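Generate the whole structure from the sequences, applying the supplied hints.
When we follow the working numbering, the leftmost residue of the sequence shown carries the number 7, and every step to the right adds one.
30 Å max Cα-Cα, derived DSSO-like pairs, lysine-lysine:
#: 1; residue 1: K128; residue 2: K193
#: 2; residue 1: K143; residue 2: K189
#: 3; residue 1: K8; residue 2: K75
#: 4; residue 1: K204; residue 2: K255
#: 5; residue 1: K128; residue 2: K251
#: 6; residue 1: K204; residue 2: K128
#: 7; residue 1: K128; residue 2: K75
#: 8; residue 1: K143; residue 2: K204
#: 9; residue 1: K128; residue 2: K189
#: 10; residue 1: K128; residue 2: K255
#: 11; residue 1: K204; residue 2: K262
#: 12; residue 1: K251; residue 2: K204
#: 13; residue 1: K189; residue 2: K204
#: 14; residue 1: K263; residue 2: K204
#: 15; residue 1: K193; residue 2: K204
#: 16; residue 1: K55; residue 2: K8
#: 17; residue 1: K55; residue 2: K78
#: 18; residue 1: K75; residue 2: K251
#: 19; residue 1: K143; residue 2: K128
#: 20; residue 1: K75; residue 2: K55
#: 21; residue 1: K251; residue 2: K263
#: 22; residue 1: K262; residue 2: K251
#: 23; residue 1: K193; residue 2: K143
#: 24; residue 1: K78; residue 2: K8
Hint data in this document are derived by calculation from the structure and do not stem from the laboratory. Keep in mind that this is a model prediction, so the values were computed, not measured.
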Amino acid sequence: MKTIVVLGAGQIGKTTAALINHTLFRILAFGDNAVSGHIYNIPIFSVEKALRLRPDIVVIAVRDTVRTKELKQQIQNLGFVGQIVSLSDFIDVMDMRSAVLFRAAERICNVEGSIAELGVYKGAFAAMLNELFPDRKLYLFDTFSGFDDRDIRTEAECGFSQADMHDFSDTNAAEVWERLPHKDNAKIFQGYFPSTCKNIQDVFALVSLDADLYEPTLAALEWFLPRMAAGGILIIHDWDSNRFKGIRKAVADYEKKHGRLALVPLGDFHGTAIVVKE
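Pasting the structure below:
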């Protein structure tokens with residue numbers, strides 16, 4: 007069995023460790039100069055100490071190409087001559103969220119309802135939704151001006167994230183609209199959710215939640231789930247995110263009030279989870 011050291015003990019490093027085939031490879035340690043402790047009972051050492059374990063393979067589990075290059079140089083300077091795998095070479099090529107969406111499109115073909123997304127940003131995922139479901143209504147919700155001050159205050163007070171009002175503000179509704187291939191069935195609602203959906207009476211077959219913050223996520227769960235058809239699919243982005251910890255708390259608080267959801271973590275690099283409406 008070949009051995010591995012994973013460099014990077016953040017969100018991507020944790021996900022990488024779960025995705026590695028543990029029947030063929032054994033992870034000796036994580037290497038990270040900024041943190042210590044354990045992930046999945048695997049120790050986190052400094053990069054230098056981790057490489058002293060003499061692994062067969064080093065996996066650089068960071069997304070940033072500059073940081074990847076720096077780590078690769080550090081590895082070589084420390085004398086490692088084994089195989090180096092850099093996730094940044096292919097992490098954007100394969101996306102589990104996209105794979106799930108394609109599969110979900112097949113699964114819900116006989117489930118009635120519209121499609122919706124909260125947290126549209128520049129519309130990449132919205133365009134996919136519109137392409138896959140050309141004959142269904144698509145409702146898109148976003149401020150298109152970044153995070154709302156009310157939600158940022160909650161994030162800061164509860165320690166959920168370091169969200170800033172300028173995050174994800176470099177977009178606009180017109181830009182998103184131009185990306186949609188089937189505009190006839192799409193509608194954009196700009197403003198603070200859920201005040202933007204007062205007159206909508208639809209049932210939903212698939213909903214994508216990518217609001218990043220606690221308050222809009224909890225509001226979306228409260229609003230969408232009662233309106234979803236049986237067998238409908240809810241995609242919750244960042245449920246297992248280190249950056250936006252309020253998402254998991256919003257789900258937990260919803261479950262305390264309404265009961266446990268049929269939630270399955272995807273194990274992707276975005277910490278996505280899916281919920282099937284029972």
